[in-house]
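If you're matching them up, the sequences are chains X and V in order.
Residues in the first sequence are numbered from 495 upward in steps of one, following my numbering.
Residues in the second sequence are numbered from 495 upward in steps of one, following my numbering.
Mixed in with the good hints, there may be bad ones.
One copy or any two copies: either way a pair holds, since identical chains are not told apart in the list.
[To be verified] Straight-line Cα separation of at most 25 Å, SDA-like style, residue types lysine to any residue; simulated pairs:
#1 LYS736 to GLU721
#2 LYS736 to THR772
#3 LYS736 to GLY804
#4 LYS736 to THR725
#5 LYS554 to ARG648
#6 LYS736 to GLY803
#7 LYS587 to ASP543
#8 LYS587 to ALA690
#9 LYS587 to GLY567
#10 LYS554 to LEU544
#11 LYS554 to PRO838
#12 LYS736 to GLY793
By construction, these hints were calculated from the structure, which means they are not laboratory data.
All values derive from a computational prediction rather than experimental measurement.
One-letter residues, chain by chain:
Number of protein chains: 2
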Amino acid sequence: MIEYRNLRVAVLGGGSVGSQVTALLLEHADELAARAGAGLEVVGVAVRDLDAPRDTDIPKELLTTDAESLIVGADIVIELIGGLEPARTWILKALHSGADVITANKALLAHHGAELFEEAAQVGAQLYYEAAVAGAIPIIRPLRDSLAGDRVQRILGIVNGTTNFILDRMDVTGDSFDNALAEATRLGFAEADPTADIEGYDAAQKAALLASLAFHTRVPLDAVHREGITTVTADQVVAARKAGYVVKLLAICERVLNADGGIDGVSARVHPALVPLTHPLAAVHGGNNAVFVEAEAAGSLMFYGAGAGGLETASAVLGDVVSAARRHVIGGPGVAESTHADLPILPISRVLTRYQITLTVVDEPGVLATIAAVFSDHGVSVEAVNQTVGAVIEGVPSATLITVSHEATDESLAATVAALADNSVVREVVSVLRVEGL
Amino acid sequence: MIEYRNLRVAVLGGGSVGSQVTALLLEHADELAARAGAGLEVVGVAVRDLDAPRDTDIPKELLTTDAESLIVGADIVIELIGGLEPARTWILKALHSGADVITANKALLAHHGAELFEEAAQVGAQLYYEAAVAGAIPIIRPLRDSLAGDRVQRILGIVNGTTNFILDRMDVTGDSFDNALAEATRLGFAEADPTADIEGYDAAQKAALLASLAFHTRVPLDAVHREGITTVTADQVVAARKAGYVVKLLAICERVLNADGGIDGVSARVHPALVPLTHPLAAVHGGNNAVFVEAEAAGSLMFYGAGAGGLETASAVLGDVVSAARRHVIGGPGVAESTHADLPILPISRVLTRYQITLTVVDEPGVLATIAAVFSDHGVSVEAVNQTVGAVIEGVPSATLITVSHEATDESLAATVAALADNSVVREVVSVLRVEGL
Chain X
495 MIEYRNLRVA
505 VLGGGSVGSQ
515 VTALLLEHAD
525 ELAARAGAGL
535 EVVGVAVRDL
545 DAPRDTDIPK
555 ELLTTDAESL
565 IVGADIVIEL
575 IGGLEPARTW
585 ILKALHSGAD
595 VITANKALLA
605 HHGAELFEEA
615 AQVGAQLYYE
625 AAVAGAIPII
635 RPLRDSLAGD
645 RVQRILGIVN
655 GTTNFILDRM
665 DVTGDSFDNA
675 LAEATRLGFA
685 EADPTADIEG
695 YDAAQKAALL
705 ASLAFHTRVP
715 LDAVHREGIT
725 TVTADQVVAA
735 RKAGYVVKLL
745 AICERVLNAD
755 GGIDGVSARV
765 HPALVPLTHP
775 LAAVHGGNNA
785 VFVEAEAAGS
795 LMFYGAGAGG
805 LETASAVLGD
815 VVSAARRHVI
825 GGPGVAESTH
835 ADLPILPISR
845 VLTRYQITLT
855 VVDEPGVLAT
865 IAAVFSDHGV
875 SVEAVNQTVG
885 AVIEGVPSAT
895 LITVSHEATD
905 ESLAATVAAL
915 ADNSVVREVV
925 SVLRVEGL
Chain V
495 MIEYRNLRVA
505 VLGGGSVGSQ
515 VTALLLEHAD
525 ELAARAGAGL
535 EVVGVAVRDL
545 DAPRDTDIPK
555 ELLTTDAESL
565 IVGADIVIEL
575 IGGLEPARTW
585 ILKALHSGAD
595 VITANKALLA
605 HHGAELFEEA
615 AQVGAQLYYE
625 AAVAGAIPII
635 RPLRDSLAGD
645 RVQRILGIVN
655 GTTNFILDRM
665 DVTGDSFDNA
675 LAEATRLGFA
685 EADPTADIEG
695 YDAAQKAALL
705 ASLAFHTRVP
715 LDAVHREGIT
725 TVTADQVVAA
735 RKAGYVVKLL
745 AICERVLNAD
755 GGIDGVSARV
765 HPALVPLTHP
775 LAAVHGGNNA
785 VFVEAEAAGS
795 LMFYGAGAGG
805 LETASAVLGD
815 VVSAARRHVI
825 GGPGVAESTH
835 ADLPILPISR
845 VLTRYQITLT
855 VVDEPGVLAT
865 IAAVFSDHGV
875 SVEAVNQTVG
885 AVIEGVPSAT
895 LITVSHEATD
905 ESLAATVAAL
915 ADNSVVREVV
925 SVLRVEGL
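For reference, chain X alone in the conformation it holds in the complex (with noise of 0.2 Å):
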């Protein structure tokens, strides 16, 4: 039934992923190969150590320390060491040969995305990476493929399944963000030194890939903004959730449209917010992730699943081993990278948001109309308005105020946070966050 030859599939990186993606190569080569239309034999497993402990156990015979051989005449090259080097050049070099490259190098990508995909193109090879975002939920091909006739408006993600794991513990069991953390390094969902996760670094990298795909615009990683969560305290999840609310890691991608509704560019950021319980995103506990995609014509969809584990992230690279599998059979050049709209990408003091600003202030007459007119000044309108009484500070009782604001550019509500914390009315700006999904 298989006519085609074999394919001869290289994999770099013997970790987590790489040896549960070469098991499965083996292990399930008979059904592969019936989906693919081709055999797919594994030529070699690179590694750096041909002794080290692994996962699952890979022939010996297939492990070498020596990747440019191996990379040297295959068809499919499956790049799973992370990090950029000697990753880029590896993956620069398969794809001048001709071979399909298979990457979840989120990274990678992110940084160097614009060189490799000119590379594929050039030579009419194709790069996956379904794996470099939200492990084995389907994303890249879905933004790529299934909504390329539709208009992506806003993508919001739960991309990192770390800082999802901490957040949902703050909020479930109050903890404070360090136990938290604790816990997630305790339970491995955190790594030993996790700042790449906490910092939003990682969030960022998928943020970079995500808008890319979506506004067909390269969106380089360094007009990323990007916040991280150190920051949350447990006060605020728990004033979140009395409020209605989820704190949530979001990776933000959108088009910035203007007063006429043209398309001023495109933003993409990264930021703790506060997520309304009633949206679906505030239903994505533990490590799990989620993209909550909104389209012209598709309306709201959103992709669910386990964030990246070694297994997940195997079930996303080897979908894409058949799909250049499948690709090398049928022939032809493969689908470049599209970056026909090449809008502007704007800075997050552009993106219209609202904040929520919790403030510890003098409670006496007028406070309030203090407040409203620093907002006004700012050309910031309140929705909202919340304040309780506090505790009496040297002789002059204070209140707690929590406003939520419409929508304006972050660059007001940033002046208005500003504004408000030099006012003398003010004792305190307990709290600045954004609020997402309403």
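With chain X fixed as given, assemble chain V onto it according to the hints.
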């Protein structure tokens, strides 16, 4: 920038979806061309009546009643007339002439899919049908491509917006089925003749398509067990919520394993079922759709969005149009239907499920033991029993007994219900519902 020749696109059908698709093809022509790599020229829209009123204006000069001439010479044919004939004949004609075909016609695919896919494979054309299941929600491409390297174990789908609207309304308002249906009709969620929806025919067609794709096995429509929602009572819905469930019409596709963990075969079925309130599907409200997929490596995934409105369906159709156009530009035949697994298709009697059975019984000592014996005589074990005192009927006190079984074959469970109905201590079998998603 666009160097390929214009591709000739023929639209068959000028109804709600057809007019939306045509409008978007014309309005977004430049954008679609940039994404596809070739211009998309609408060569005509075949309609029955040139003067019928339409949702969106179609330029008069594009309208024609001569579909057959339109098909000749088209590169891409979009079939949106629905029904079996002449849709089948026209699609065969289009494929035979080498055109790629896009259809939203689940009834046609469920009845004549094998014939159409074979014709497509023979000429190397491609048959796209993302719009046939769950409107704009990308599910065909994720199953065909993204999960091509994984093994799907189970699909639980809310794939019919009308029935989900009705059941959700019964749940939220306590309405009877008849009243909820009337409301659905009033709001345009149900057609004048709602039979196809409320009797589960529409969902069964989608189940056949999903099962065929997920299991690489042709699952014919008549192998899909089908029950509608017309017998679901307000009492059942209220009792379900009290017990921590919500009633949903589910399309269920699953692999059935034997005792050794080998695959006995696959099954597809549509019936109302109790879904735990903690399951993501329980949160799918109104006319929305969602498909929950369990795969060996990927774990649990969910795809969520609006049901099949005109605009949503147009989004899915246009995604397929861009894919078809890219394929033309690249060259080579399409990806053929994958039916290599060719697994046995099992009847519902072989499927493992759970029943919630609500009985009115005579309230006297020993009744519970009698009931329990009926279960065990059929090899079914009981997970939970809940007994409440009921009315005195003809001098004899009665009680309501709600039992939830452990997993057993549908055959054993059905036999248990029959035996219970015949037992003298049972006054009435009040409700029988399967439980899914535990």
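Tested hints:
1. LYS736 to GLU721: Within one copy only: 24 Å inside, 43 Å across.
2. LYS736 to THR772: both (13 Å within a copy, 21 Å between copies)
3. LYS736 to GLY804: This pair counts as neither: shortest intra-copy Cα distance 37 Å, inter-copy 39 Å.
4. LYS736 to THR725: within (19 Å within a copy, 41 Å between copies)
5. LYS554 to ARG648: neither (47 Å within a copy, 35 Å between copies)
6. LYS736 to GLY803: neither (33 Å within a copy, 36 Å between copies)
7. LYS587 to ASP543: within (22 Å within a copy, 59 Å between copies)
8. LYS587 to ALA690: neither (28 Å within a copy, 56 Å between copies)
9. LYS587 to GLY567: Classified as within; 11 Å inside a copy, 42 Å across copies.
10. LYS554 to LEU544: Result: close within a single copy only, 8 Å intra versus 70 Å inter.
11. LYS554 to PRO838: Neither, since 51 Å and 38 Å both go past 25 Å.
12. LYS736 to GLY793: neither (30 Å within a copy, 33 Å between copies)
Checked against the numbered hints given earlier, this structure breaks hints 3, 5, 6, 8, 11 and 12; the rest are met.
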